[in-house]
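> Whenever a hint applies, use it, and build me the whole structure from the sequences.
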Amino acid sequence: MAEDKKDMVKQPAATPAGTERTRARRVFVPRVDIYETSEAIVLLADMPGVDETGVDITLEKNVLTLVGQTANGARPGYSLAYAEYDAGDYERAFTISDEVDRDRIEATVKSGVLRVVLYKAEAVKARKIAIKAA
Amino acid sequence: MYGPVLWRFGRAMDPWPEIQRLQQEMNRIFSSASQPYGHEFPAINAWAGEEGMVVTAELPGADPEKLDISVVGDSLTISGNREAEALKAGESYHRQERSCGRFTRTIQLPFHVDAVKVAATYERGILNVVLPRSEAEKPKKISIKS
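Protein chains in written order, with my numbering: chain B, 1 to 134; chain C, 1 to 146.
Calculated directly from the structure, the hints in this document are not laboratory data.
A few of these clues could be false.
[Stated by the list, open to error] Derived Cβ-Cβ restraints for the label pairs, each shown as a range:
#, chain 1, residue 1, chain 2, residue 2, range
1, B, V124, C, S75, 48 to 58 Å
2, B, I96, C, P17, 39 to 49 Å
3, C, C100, B, T65, 21 to 31 Å
[To be verified] When the alpha-carbon atoms are kept at most 27 Å apart in a straight line, the in silico DSSO-like pairs for lysine-lysine are as follows:
#, chain 1, residue 1, chain 2, residue 2
4, C, K117, C, K66
5, C, K117, C, K138
6, B, K110, C, K66
7, C, K66, C, K88
8, B, K120, B, K110
9, B, K125, B, K61
10, C, K117, C, K140
11, B, K120, C, K88
12, C, K141, B, K110
13, B, K61, B, K128
14, C, K141, C, K117
15, C, K88, B, K125
16, C, K88, B, K128
Here the structure is a predicted model, which is why all the values come from computation and not from measurement.
Glycine is no exception: its CB is placed at the ideal position from the N, C-alpha and C atoms.
Next comes the structure, spelled out in structure tokens:
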């Protein structure tokens with residue numbers, strides 16, 4: 001876990017050229033794992049502080065955008081004395097290929113990890129082809 | 001962290017907590033410009049209050065049952081394990097950016113902790129440990145006799 005410590009610092013997300021965000025919060029790129037099974041492509045994103053009400057997933061054309069909003073982390077009666085990380089929102093976009101079934105995308109959030117399951121379209125699922133005897 | 005003059009100025013002049021927060025953040029960033037954050041895992045934030053401290057850590061996807069939090073005197077140790085998704089045969093990663101493995105971190109606090117009253121919660125991937133200052137170390141008001 002300790003090999004690339006520098007990479008563990010949260011990286012700020014980029015905004016499209018010439019635009020600004022409406023929320024005055026820092027925005028980070030969540031770290032993701034993506035793996036493929038025979039039926040689906042599964043995407044896991046680390047979004048600590050995000051619950052199911054704060055996630056927004058949109059699919060426009062072939063761009064899948066994941067947005068996670070966190071609550072303001074201020075604690076009444078306490079002041080931040082020492083900090084190693086910043087709290088903020090999360091945003092990341094992926095282009096997906098035509099092999100994903102647009103109507104079957106499932107998402108869940110559990111303990112700060114967003115899981116998006118992108119089922120493959122029937123047409124591209126691997127099929128076993130039986131060989132007929134000649 | 002910040003010069004004493006700036007600190008006093010910030011306290012006395014800013015009625016708006018947002019400006020104060022921004023100023024503190026700026027001081028924090030510029031006071032260690034080359035390395036604003038440590039590279040230990042998990043990264044922690046510590047909040048100081050009158051009753052003690054609250055330490056928070058971002059540990060997305062951890063199993064709260066397997067997190068181990070212990071307090072001895074003035075040191076807090078957080079250890080646990082972040083498990084990678086177990087893939088079945090035929091499944092493969094396209095991208096693997098999330099770290100996994102065992103971790104342990106010990107933090108020294110500025111006071112002795114009342115270990116019995118330590119409370120920890122884990123929600124939305126964030127660990128919160130409330131560390132009350134022990135009674136013996138709480139500041140005492142000293143009255144002046146005439």
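> Run every hint past the structure and note whether it holds.
Hint check:
Checked against the given bound of 48 to 58 Å, the beta carbons of V124(B) and S75(C), roughly 55 Å apart, stay inside it. The given range of 39 to 49 Å is respected by I96(B) and P17(C), whose C-beta atoms sit roughly 42 Å from each other. The given range of 21 to 31 Å is respected by C100(C) and T65(B), whose C-beta atoms sit roughly 26 Å from each other. Distance hint between K117(C) and K66(C) is fulfilled; the C-alpha atoms sit about 20 Å from each other, no more than 27 Å.
For the hint pairing K117(C) with K138(C), the CA-to-CA distance comes to about 14 Å; that is within 27 Å, so the pair holds. Proximity of K110(B) to K66(C) is assessed by CA-CA distance (about 16 Å); at most 27 Å being required, the pair is judged to hold. Between K66(C) and K88(C), the direct Cα distance comes to roughly 24 Å. Compliance with the 27 Å bound is thereby established for this hinted pair. In summary, the hint linking K120(B) to K110(B) is supported, as the alpha carbons are separated by about 23 Å, within the 27 Å threshold.
Annotation: proposed proximity of K125(B) to K61(B) holds, straight-line Cα distance about 21 Å (limit 27 Å). At roughly 20 Å between alpha-carbon atoms, K117(C) and K140(C) fall within 27 Å of each other, so this suggested pair holds. With a C-alpha separation of about 18 Å, the suggested pairing of K120(B) with K88(C) holds against the 27 Å cut-off. Distance restraint check for K141(C) and K110(B): the Cα-Cα separation of roughly 46 Å exceeds the 27 Å cut-off, and the hinted pair is therefore not satisfied.
Of the pairs offered as hints, the one joining K61(B) and K128(B) is violated, with about 31 Å between alpha carbons and a cut-off of 27 Å exceeded. For the hint pairing K141(C) with K117(C), the CA-to-CA distance comes to about 23 Å; that is within 27 Å, so the pair holds. Between K88(C) and K125(B) the CA atoms are separated by roughly 17 Å; this keeps the pair inside 27 Å, and the hint holds. A C-alpha spacing of about 19 Å is found between K88(C) and K128(B), which places the hinted pair at or below 27 Å, so the restraint holds.
In this structure, the hints that do not hold are numbers 12, 13, in rising order.
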